[in-house]
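Assemble chain B onto chain A, guided by the hints.
Quick mapping for you: the protein sequence lines, in order, are chains A and B. Counting from 1, one number per residue, gives the positions in the first sequence under our numbering. Counting from 1, one number per residue, gives the positions in the second sequence under our numbering.
One thing to keep in mind: the hints can contain errors.
[What the hints assert, rightly or not] Counterexamples of contact, computed for chain B against chain A with all Cβ distances above 12 Å: (1) GLY173; (2) PRO210; (3) GLU282; (4) LEU285; (5) THR320.
[Said to hold, decoys possible] Computed from the model, here is a short list of chain B residues facing chain A with C-beta under 10 Å: (6) ASN39; (7) PRO67; (8) ILE78; (9) VAL96; (10) PRO99; (11) SER130; (12) ALA155; (13) ILE163; (14) THR182; (15) ARG371.
[Claimed, not checked] Distance condition first, Cα-Cα at most 25 Å in a straight line; then the derived DSS-like pairs of lysine-lysine: (16) A:LYS40 / B:LYS142; (17) A:LYS40 / B:LYS152; (18) A:LYS40 / B:LYS149.
These are computed hints drawn from the structure, not numbers from a lab. Only a predicted model underlies this, so the values are computations on that prediction, with no experimental measurement involved. Backbone N, C-alpha and C fix where the C-beta goes; we use that ideal spot for every residue, glycine too.
2 protein chains.
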Amino acid sequence: MKEDKTHDDGSRTRQSPENKVHENPVQKNYVLEDFVKENKVLMAHGGGGRAARSLIQELISPVFDNPELSRLEDAARIPGIPGNNPRVVMTTDSYVVTPRFFPGGDIGKLSVCGTVNDLVTTGARPAALSVGFILEEGFSLKELEKIIKSMKQTADSVPVALITGDTKVVERGRGDGIYITTAGVGILPEGVFLSPDNIEPGDAVLINGPIGNHEAAIISVRDKFSLGVEVVSDCTPLARLITKITEAVPEVRCARDPTRGGVASILIELVESSGYGITIDEDKLPVDEPVSNLCEVLGMDPLYMANEGKMVVIVPENQTKHCLEVMRSVPAGKRSTVIGSVTKDKPRLVVNTPYGSSRVVTMPKGEQLPRIC
Amino acid sequence: MKEDKTHDDGSRTRQSPENKVHENPVQKNYVLEDFVKENKVLMAHGGGGRAARSLIQELISPVFDNPELSRLEDAARIPGIPGNNPRVVMTTDSYVVTPRFFPGGDIGKLSVCGTVNDLVTTGARPAALSVGFILEEGFSLKELEKIIKSMKQTADSVPVALITGDTKVVERGRGDGIYITTAGVGILPEGVFLSPDNIEPGDAVLINGPIGNHEAAIISVRDKFSLGVEVVSDCTPLARLITKITEAVPEVRCARDPTRGGVASILIELVESSGYGITIDEDKLPVDEPVSNLCEVLGMDPLYMANEGKMVVIVPENQTKHCLEVMRSVPAGKRSTVIGSVTKDKPRLVVNTPYGSSRVVTMPKGEQLPRIC
Numbered sequence: 001m002k003e004d005k006t007h008d009d010g011s012r013t014r015q016s017p018e019n020k021v022h023e024n025p026v027q028k029n030y031v032l033e034d035f036v037k038e039n040k041v042l043m044a045h046g047g048g049g050r051a052a053r054s055l056i057q058e059l060i061s062p063v064f065d066n067p068e069l070s071r072l073e074d075a076a077r078i079p080g081i082p083g084n085n086p087r088v089v090m091t092t093d094s095y096v097v098t099p100r101f102f103p104g105g106d107i108g109k110l111s112v113c114g115t116v117n118d119l120v121t122t123g124a125r126p127a128a129l130s131v132g133f134i135l136e137e138g139f140s141l142k143e144l145e146k147i148i149k150s151m152k153q154t155a156d157s158v159p160v161a162l163i164t165g166d167t168k169v170v171e172r173g174r175g176d177g178i179y180i181t182t183a184g185v186g187i188l189p190e191g192v193f194l195s196p197d198n199i200e201p202g203d204a205v206l207i208n209g210p211i212g213n214h215e216a217a218i219i220s221v222r223d224k225f226s227l228g229v230e231v232v233s234d235c236t237p238l239a240r241l242i243t244k245i246t247e248a249v250p251e252v253r254c255a256r257d258p259t260r261g262g263v264a265s266i267l268i269e270l271v272e273s274s275g276y277g278i279t280i281d282e283d284k285l286p287v288d289e290p291v292s293n294l295c296e297v298l299g300m301d302p303l304y305m306a307n308e309g310k311m312v313v314i315v316p317e318n319q320t321k322h323c324l325e326v327m328r329s330v331p332a333g334k335r336s337t338v339i340g341s342v343t344k345d346k347p348r349l350v351v352n353t354p355y356g357s358s359r360v361v362t363m364p365k366g367e368q369l370p371r372i373c
Numbered sequence: 001m002k003e004d005k006t007h008d009d010g011s012r013t014r015q016s017p018e019n020k021v022h023e024n025p026v027q028k029n030y031v032l033e034d035f036v037k038e039n040k041v042l043m044a045h046g047g048g049g050r051a052a053r054s055l056i057q058e059l060i061s062p063v064f065d066n067p068e069l070s071r072l073e074d075a076a077r078i079p080g081i082p083g084n085n086p087r088v089v090m091t092t093d094s095y096v097v098t099p100r101f102f103p104g105g106d107i108g109k110l111s112v113c114g115t116v117n118d119l120v121t122t123g124a125r126p127a128a129l130s131v132g133f134i135l136e137e138g139f140s141l142k143e144l145e146k147i148i149k150s151m152k153q154t155a156d157s158v159p160v161a162l163i164t165g166d167t168k169v170v171e172r173g174r175g176d177g178i179y180i181t182t183a184g185v186g187i188l189p190e191g192v193f194l195s196p197d198n199i200e201p202g203d204a205v206l207i208n209g210p211i212g213n214h215e216a217a218i219i220s221v222r223d224k225f226s227l228g229v230e231v232v233s234d235c236t237p238l239a240r241l242i243t244k245i246t247e248a249v250p251e252v253r254c255a256r257d258p259t260r261g262g263v264a265s266i267l268i269e270l271v272e273s274s275g276y277g278i279t280i281d282e283d284k285l286p287v288d289e290p291v292s293n294l295c296e297v298l299g300m301d302p303l304y305m306a307n308e309g310k311m312v313v314i315v316p317e318n319q320t321k322h323c324l325e326v327m328r329s330v331p332a333g334k335r336s337t338v339i340g341s342v343t344k345d346k347p348r349l350v351v352n353t354p355y356g357s358s359r360v361v362t363m364p365k366g367e368q369l370p371r372i373c
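One chain only, chain A, in its complex shape:
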């Protein structure tokens, strides 16, 4: 299948160390070409990379033509709620992860964590979730029960209420057991709204712990052969982390959860939307040993790997120490650290290597791994 071959080539090349220094020419206009030539949906369109962004920016966003949607943030403010405008935010994500159960979580837990974490990137407090199930005929009801119990347990831990839902069934061969779409509504406390618009040169870039664990966990269960070691997904709701930060560090600029496309993709989105540069130090990026081992074996880059319990937080430089202390006081933030800073340079993501050199990191074309979430 042409596009898959291209897709794989693209990703491999992008990820192999020796190719990080410059952008891979093979990828130039890859997506636009496909739009024209193939004009069909590719697996890459579901990734966190350039293909997915073209689909949204060139096809979906222009049609829907809504200012909140066009901001392409993880959550959007709902207009016109009397007395609260615009303090109610909404988000949605569909979850198609395979396998449905993985070390550290399952599609149910993921469907709550992912949507809660999108909500809280704005600083909102989660208020309610809705859930839509698309079940494949013949799917085990026992498995369904396990999954919804996992959703309930995760929602209770936030806490957030699952208040409404829907179930559809499709014929065998028209689905894959279960797909879940959760939508979330959250409330912005008075005066709180985290946004890339707040970013200033000199700001510090923080993250709440090691990166790549979710994607590594999925890989480790999909390709058992690849390594004996089992990696556990970081799949966790981060509502408490963000609440603590917004309460203790009101000057916090913005927060983003680096899921599909990893830390690289969201930092590139932040430089593009803020108009400033961001420089990070590779040796400051926290990566667990099993994850870096797996990356060595497969020639992958943790910077592009999906996380489901991580938050990149940007704060004024003089708040760095204080914010780190606050983040580390929360279980999900124990290993929080500074990874870089916002610069006056042109809007691009620069990574300083341990060898003293530096490279410009570009948006990955597709996703390194399909159906990661």
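Chain B alone, transformed into the frame defined by chain A:
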């Protein structure tokens, strides 16, 4: 496939006229048996009938254990929004209709109408929609563009804003082109909350036009052989209809949109939740000729057929004439009529036939047609 055979038998039997008089014994505990014996998802679980309700009431609802969810209404109130509690409502539905394009609509228009209509059953004004796309690898981007343009056009006609979304892609053979899950948030005007709890004996049961058109439209395109006539779906957003009613008839009790399972299913839900009986006159049920012809041919009952632009409205008896005038002043309500009334009888749905006899109508087991919405 055993369950499908049972499913079909069940439905056919349920629908064939000579069996309407009494409940079909074959169906007794059908679902519970399957839960135990097969313990897997059946197409019937996606219907508007008993199987779907068992799945929700026996499996999902007890686990999620949320008072709003347990009310099993079309939309739920969001708790804890400062100044608005509980005036913000939320709903969600997944859409898997096949074919994706049908007379009178497409999966995109349907995904906006269905969710808007669920919102307004509470009396809420639609404020925002979110959309989650699950695309199958290889799906035509041109078709996707047609579908999202249709969503936008329908949303603008409400009007309601599509403010946030997500796109996932699954491999060929793991989906069916496109599945859409929309969630909606709406605002209840001060003092407005339509609910079956408001129903009183003597209330009139109104509907805004002829029934069965959506399901008949889907059948007419799926089985072209069955009849030369093309039926057009009633797929329409009903926000304006409900706004007019709640403004002009503040005493209105409740509203329900009879989608999967048809008018029969929602009236049975209303008798169960209100504790009162409902009696309707079969000859007062508005049915377009092409639809009744199709029902004759296929032995189906319009009372169980899905609608996507209909609203059953319950008002105090003395408001009937006034409410009819208001409903008829809206394009979507031109053919509004009275079909029955709420009684002091035991909570069951009774249908008076044109022949002077009457029958108790029970919940259909599954859906007459899979993937109707």
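Quick rundown of the hints versus the structure:
1. GLY173: violated, 6 Å
2. PRO210: At about 26 Å from chain A, PRO210 of chain B clears the 12 Å cut-off, so the statement holds.
3. GLU282: holds, 30 Å
4. LEU285: holds, 27 Å
5. THR320: The assertion about THR320 of chain B holds, with a minimum of 31 Å to chain A.
6. ASN39: holds, 5 Å
7. PRO67: holds, 9 Å
8. ILE78: holds, 4 Å
9. VAL96: holds, 5 Å
10. PRO99: Status violated, d = 13 Å.
11. SER130: holds, 4 Å
12. ALA155: holds, 8 Å
13. ILE163: holds, 4 Å
14. THR182: holds, 8 Å
15. ARG371: holds, 7 Å
16. A:LYS40 / B:LYS142: holds, 8 Å
17. A:LYS40 / B:LYS152: Holds, because 21 Å separates the two Cα atoms, which is no more than 25 Å.
18. A:LYS40 / B:LYS149: With a Cα-Cα distance of about 17 Å, the restraint between LYS40 of chain A and LYS149 of chain B holds, given a limit of 25 Å.
In this structure, the hints that do not hold are numbers 1 and 10, in rising order.
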